[in-house]
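*Asks:* For reference, the chains in residue letters:
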Amino acid sequence: MNKFAYLCGAAALALSAPAAQAQVLTVCLEGAPETFNPELTSNGTTAYVLGQIYDGLVSVERGGSEIEPALAESWEVSEDGLTYTFALRQGVAWQSNDSFTPSRPFNADDVVFTFHRMMDSEDPFYEVSGGNYPTFNAKLADNLASVEKVDDYTVAFTLTKPMAAFIGTMAHGSLGVTSAEYAQAMMDAGTPEQLDLAPIGTGPFQLQAYQTDAMVRLLPFAGTWGAEMGDDLRTPMVDAVVMAISGDATVRLQRALAGECLIGLYPNLADKETIEASDTVEAVQTPVPSTGMLHFNFAEEPFQDQRVRQALAQAIDMENFVEVIYSGMGHLTGAVVPPALWGTASDIGPWEYDPEEAKRLLAEAGYEDGFETEVWAIPVSRPYMPNGRRAAEIIQADWAEVGVDVSIVTYEWAEYIQRARAGEAKVGMFGGIYDFPDPSQIPNNYLTCQPDGSTAPSNIGDWCDDRFNEVMTEAGSITDQDERIALYHEAQQIVHDEVPVIVLGGADTITAVNTSVQGYVPAVFGSSRLSGVTVE
Amino acid sequence: MADPATLTPAAEPERGTARDALRAFWADFRRNRGAVIGLAVIALLVLVALLAPLLAPHDPTQQFRDALLVPPAWQPEGQGAYLLGTDALGRDILSRLIFGARYSLLIGLMVVTIALTGGITIGVVSGYFGGWVDTVIMRIMDVILAFPSLLLALVLVAILGPGLTNAMVAIALVLQPHFARLARASVMNEKTREYVVAARIAGASNLRLMLRTILPNCLAPLIVQGTLSFSTAILDAAALGFLGLGAQPPTPEWGTMLADAREFILRAPWVVTFPGLAILTTVLAINLCGDGLRDALDPRLKRG
Chain A
1 MNKFAYLCGA AALALSAPAA QAQVLTVCLE GAPETFNPEL TSNGTTAYVL
51 GQIYDGLVSV ERGGSEIEPA LAESWEVSED GLTYTFALRQ GVAWQSNDSF
101 TPSRPFNADD VVFTFHRMMD SEDPFYEVSG GNYPTFNAKL ADNLASVEKV
151 DDYTVAFTLT KPMAAFIGTM AHGSLGVTSA EYAQAMMDAG TPEQLDLAPI
201 GTGPFQLQAY QTDAMVRLLP FAGTWGAEMG DDLRTPMVDA VVMAISGDAT
251 VRLQRALAGE CLIGLYPNLA DKETIEASDT VEAVQTPVPS TGMLHFNFAE
301 EPFQDQRVRQ ALAQAIDMEN FVEVIYSGMG HLTGAVVPPA LWGTASDIGP
351 WEYDPEEAKR LLAEAGYEDG FETEVWAIPV SRPYMPNGRR AAEIIQADWA
401 EVGVDVSIVT YEWAEYIQRA RAGEAKVGMF GGIYDFPDPS QIPNNYLTCQ
451 PDGSTAPSNI GDWCDDRFNE VMTEAGSITD QDERIALYHE AQQIVHDEVP
501 VIVLGGADTI TAVNTSVQGY VPAVFGSSRL SGVTVE
Chain B
1 MADPATLTPA AEPERGTARD ALRAFWADFR RNRGAVIGLA VIALLVLVAL
51 LAPLLAPHDP TQQFRDALLV PPAWQPEGQG AYLLGTDALG RDILSRLIFG
101 ARYSLLIGLM VVTIALTGGI TIGVVSGYFG GWVDTVIMRI MDVILAFPSL
151 LLALVLVAIL GPGLTNAMVA IALVLQPHFA RLARASVMNE KTREYVVAAR
201 IAGASNLRLM LRTILPNCLA PLIVQGTLSF STAILDAAAL GFLGLGAQPP
251 TPEWGTMLAD AREFILRAPW VVTFPGLAIL TTVLAINLCG DGLRDALDPR
301 LKRG
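First to last, the sequence lines map onto chains A and B. All letters in the first sequence, in the order written, are residues 1 to 536 by the numbering used here. All letters in the second sequence, in the order written, are residues 1 to 304 by the numbering used here.
Just so you know, the hints here were simulated from the structure itself, not pulled from any lab data. These numbers come from a predicted model, not from an experiment. Note that beta-carbon positions come from the ideal geometry of N, C-alpha and C, so glycine has one too. Please note that the accuracy of each hint is not assured.
What the hints assert, rightly or not - Coverage of chain A stretches by chain B, computed from C-beta distances (three or more under 8 Å per stretch; other residues unrestricted):
no.: 1; segment: 269-279
no.: 2; segment: 406-415
As the list claims (entries may be wrong) - Simulated restraints, written as ranges between beta carbons of each label pair:
no.: 3; chain 1: B; residue 1: 165; chain 2: A; residue 2: 368; range: 31 to 41 Å
no.: 4; chain 1: B; residue 1: 280; chain 2: A; residue 2: 134; range: 42 to 52 Å
no.: 5; chain 1: A; residue 1: 467; chain 2: B; residue 2: 79; range: 46 to 56 Å
no.: 6; chain 1: B; residue 1: 280; chain 2: A; residue 2: 368; range: 46 to 56 Å
For reference, chain A alone in the conformation it holds in the complex (with noise of 0.2 Å):
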C-alpha cells in the first residue's frame, strides 16, 4: 500500500514537472553528527545538521546577531526581571515519519516537555541517552526555577535569578523544541530512544536517511511553518539535501574544487587564495565571535606580579603573530569580547610590542635573568586557534628574546581541557566560541571567580579580581543595553590594565560555496541554515 502510494508520487512529480532536474544541495561536513537530538551535544557539527530539523523558541537573525521570533511570537518579562512569558506561535505543524504521524500542531505542551526533560531527573525521559545535556546544564541549569504552561499557546519561564542573556540564551541551536507526542509515542512502543535516534521537529527540513560516519539525507518537510506563513528564509527550496562527511580540511576542499559538494564547510584557511583563483567556487568569509587567549597561572609564582604579565605582552609581536597564525583573517584586538559582538572595546587594543621595555619590567620585577616556563598549545584547530602549536612556537621565539625560556606542552584534547581546568597549566591557551549574541558569555566563563574565591571552571589561570567580577555582575543583571555595553566596556578595560590573560585574537572564517548555490549565509551565531537556499 504505502510503496503503491509512494509509485504514484513519483510518477504525479515526473508527469508535473517533466523538465525540471531535481535541486539536489550537497554539502560536505568535517565530522558526523552523534546524536539526532540537540539537547544531547554541544557539538558544532552535529548542530549544523540538526539546525535544520529542529526549532527553538527565538532565533539569530540570519548572518547577523539579531534575536529574532520562531516558534514564539513574543516574549514579555515580568518587572523584576525573573519571569519571562513567551506567547507560541499556532498552526506550526510536526514532521512524521513510517512511526510516528502527529495529530495536532506544537503547542505549549511540547515546550514544557523539552525542558522538563532536562531540568528533572525523575522526568522518564531524563535518563534515556545518557541524561547529559551539556548546554543546558552549563547555561541555564542553575538559573531556571520553573517552566509552566498558562494555556495551550503560552509558557512562562521562571528564573532564580535575573539574567540578562537569558533571551539570547534561548535561542542557543541545542535548545530546540521536541514534541511531547512523539515522545508518548515512543515509550509507549517501548523504544523511548528513538526520540533522540529518529528526529521529528518543526524545521524546514526531515531527515531521510544517516549512514554512520559516511552520509546524512534530508529532505524538504513542505509543511513547515515558515512555508505557511510565506517567510522564503524559512522555506526548503532544494529537493533534497546531502550531507557527505569528510574529516580531512584539504580532501573536503578537492571535493568543493570537483564539484562534489556545492558547500564545503571549514576548509583551512591557508587555502583561501586556492578557492578564490577557482572559477566555480567561491570563499565566503564570515566573522567568528571567539576569543582565544593566554591564560597566566596565579598559582605561579611569576605571574603574580603585575609587570611580569606586562612585559609578557609586550613581548608578543602581535602583528606577525595574528597575520601567521589566523592566515591573514585574523584581527588585532586586545578587547575579551570579539569585534563581532556589540559591547567590544573598540578602542582597546593589544600591548604594543616592544621587546626593550618587557627587559626592563622583567628586570624591576626582579627576573633580569627571565625564568623557565611552560606554555600550553590547544591540540585542535578551533576558529579562535586554528594551529595551537604554531601559536606556541612563535610566543616561545618571542620570549627567548627576552630570556623567559619556554617549553611547549600539549595533550589530546579532552584530556588538555581536564588538566588546564585543574589548573596544571603555567601558561596555557584557551578560548571560546560565543553561542548567542550577548557579550557576557566569554568574560564570565573565562574570567570571573565566585565571592568564596572558587573561579569560574574555564578560568584556567585562576585570576580572582573583584572589581572585575563586580562590573560583570552588575552588567549580568541589568537589561538596558547601552548601561550594559559601558560596563562591559570597563570590563575590558580591567582586564587588559592587569593582564590576566594575554588576548591572541580570533578569525573569520571561510566556506567554499559554488557559484551555482544562491542564497546561503553562514550564521555568525549557532549554525547556518539551509532553507531559502537554491541551486541553479
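Please build the complex by placing chain B on the supplied structure of chain A, with the hints as guidance.
*Replies:* What follows is chain B alone, placed relative to chain A:
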C-alpha cells in the same frame, strides 16, 4: 663447518684471516650496486649531520618574519637566501633538514643500540638455557609482537609522555622482540655444534660459551636486522612526530616538520615535499644497504 677465525678468542685475532674476511665481504658487498649507492648516501648523511652547524645557512629555529612561506629559490618568487624555501614561521627549510638529519640518525642509532643490546641478551639467554626460561621469555616476546608496532609505541609514549627520548625508548622496546627471536634461533642452531661442545668439554663457563663462543657466530643475521631496523626506527619516529608525540618544538625533526606542514599541501607544497623526500631517501638508502649486507653475509646467498 665453523670458520676457524671465530674459533679463536676475539682478543687476539689472527691478522691475516680477519683482513681476508673483510676483503671477501667487501668484494661481495661491492657486487650489489644498489647497496653501494645506499652506503654512499648514508655516508653523505652522516657527514651532513656531523657538519650541520657549518653547512646550514641559517639557525634552524630562527624565524624570519619578513619571509614567511617563501618558495624554493628556483621558483619565480623564491629568494636565494632560502634555497629550499621557508615554512609558515619563516624558518629556513634547508637548515632544518640539515639539522633534522642529526635527529634522524641519532634516533636510528639509539633505537638500534638499545633494541640490539636488549634483544641479544634476552635471545641468547633464552636460546642457550632453553626449558622454562625460554618458554617464559618467548611468550612475553609473542605478546609484544601481537600488537601492531606503531600502536604499541603510541601507548608507550602516552604512558611515558611525549618527547624524543621517550619516543626512542618506546620504539626500541617495540623492535626488540625481533632481535630476541633472531638471536635465540641462531643460538639454538649453534649450541649443538662440535666447536661449542669442544669448548664446553674444555671447561668454558656458561657466560664464556654464550658470549665468546656462540655469539660471534650469530652476528651476521643480527647485523642485517639491525640495519633494516634502523630505517624502521626512523620511520616510526617520524610517524610519532607526525602524531605530535615525538620530538617537541622547535626541534627540526623530519616527521614533525611534515606534520606541521600538512595544511599547506595545496598552497605551499614545498614545505611538505622536502621533509618527505628526506625521509624517503634516507630510508631507501638504509634499506638498500641492508639488502647488500644480507647478501654479502649470508653464506647460502653468497654461493648462489
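*Asks:* Taking the hints in turn, state whether each one holds.
*Replies:* Results of checking the hints against the structure:
no.	hint	result
1	269-279	holds (count 4)
2	406-415	holds (count 3)
3	B:165 / A:368: 31 to 41 Å	holds, 32 Å
4	B:280 / A:134: 42 to 52 Å	holds, 45 Å
5	A:467 / B:79: 46 to 56 Å	holds, 51 Å
6	B:280 / A:368: 46 to 56 Å	holds, 48 Å
Checked against the numbered hints above, the structure violates none of them.
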